[in-house]
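Undergrad: Order-wise, the sequence lines are chains W and P.
Position one of the first sequence corresponds to residue 55 (our numbering), numbered consecutively onward.
Position one of the second sequence corresponds to residue 13 (our numbering), numbered consecutively onward.
Take the hints with a grain of salt, since some may be wrong.
To be verified - Under the rule of at most 30 Å between Cα atoms (straight-line distance), these lysine-lysine pairs were calculated in the BS3-like manner:
(1) P:Lys124 x W:Lys294
(2) P:Lys124 x W:Lys121
(3) W:Lys152 x W:Lys62
(4) P:Lys124 x W:Lys111
These are computed hints drawn from the structure, not numbers from a lab.
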Amino acid sequence: MTIAEMSKTASPWLGATGRHSGAVVSSRVRLARNLRGIPFAHRAAAHDLELSMVLCKGALEASPALKSGTLVVMSDLDDLDRQFLVERHLISQEHAEKSPTRAVLVANGESASIMINEEDHLRLQAIASGFEVLDAWRLLERLDDDLDGRLEYAFSCEWGYLSACPTNTGTGLRASMLVHLPALVLTGQISKVLHGISQMGLAVRGFYGEGSEVMGNLFQVSNRTALGVSELDIIQSLEKVVQQVLDYEAQAGQILLRDARSQIEDKVWRAYGILRHCRKLTSQEMMSLGSAVRLGKSMGLIERISAAGLNNLLVICQPAHLQKRFERAMDPAERDIVRADMVRKIMAEEEARTSAG
Amino acid sequence: MLCDNCGKEPAKVHYKEIKDDKTIEFNLCEKCAEEKGLHLSPKKHPFSISNILAGMAEEVGSSSAKCQGCGLTYAEFRETGRLGCSECYGAFKEQLRPMLRRIHGSNSHAGKSPRSTEGMLEKIREIEDLKVALRQAIEKEDFEKAAEIRDKIKELEALGESGPEGGEGTDK
């Protein structure tokens, strides 16, 4: 699949097919792997990076599980295409550098991606829709097993898979879920819940990576430790904590409906009205209005849009996606107009579909 | 191994010091060690045999330590928080051990392993057990037993280094 083809379709993991997909957008797992005898990417000389690239590329291409994948080298892409891959969650922002020794392989219809020469020589990732972190892990484990033996990894019996950053050493696994918690934010309980999550040994952060502010009431909950615990234990404890958080969110939703029903209904329908009819829309506003509509959806107040439709807005209205779709560079002001057009169109389609069905 | 000093008696005291990127190492018999001021009784001198034997199990770290694999110094690692290569894990083992425990609350891998390292884990566990026994023997001042255990550890570690996948980054 080429990038041009990707830009015309939604990522399959946005399909809201998994469990609890009203509140959980996606589940993601990644493994950090390094080659033995080659310095880690940040300390590697150009020839080391070339070597690691050749070895990794060879192994990925020889792997039957990855046969259908597409490998792209970062230096073969322009700025827009690299940013597009970031928005699509297929590469990290750090990886989006115009470099001949950085690459990504996208496979399984975008549910798997493998970065070569990111912070670690290999970063394997799998994404699934909804509360399906175990499914994502099953896919990732299969890819990892398939690559095992094709590459000689830096591994210590004592400390497991050795990583550039000691926080990843051990299993090299980071498992996360992207959850939508508007009721906890509205009832002012969110900081207590976030504190509780960190007390349980997990990390929480806002939608787009470290340090960013939390947009659209979306939080990423992930494991913090990778050594001394098995992969399945990491996944199970994440599931357990997220399930608990979802219960709290549902309770907070009930309290809102009981004590402030008209305010909530007003908030949801006003948000819907703006998204359905606006002529200019910034991404931040879209995130926040989309969150209100999603809240209405999870409370059963609104049926005119699907969870998949709401998920889709999160991705396709980002700057690189808009520019890729319309095949031209746009300044922020023009993007706001085009974004409003796109959102109105999607909302109209969703409305037609949900009323017909 | 015979004493570095007299070359007659078996070396029982093994001393290693890292100073300004240089490693000073000597192996002495008990008599020569006494003469050099490395006292055997733990009460007489802080630089006692118990400290030295304990150092065998857990070498004392140094901030000037440097990785032979990629040349990264421990000071540089502290600045960036990133290790340079897999060999760094061996070079900074002593500093990393408490750090990894702080980060992860654990010091030993419990997840999956590459197929090629199957069977190695049991050996590593055995070495870990022996190290505990070594410490206990030292605490009881049973130095004869301690030396015996130490030799066993060395033997197992030597096997690991020549075997496939070795104890990469663990015990070097």
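Undergrad: Okay, which hints does this one fail, numbers in order?
TA: none
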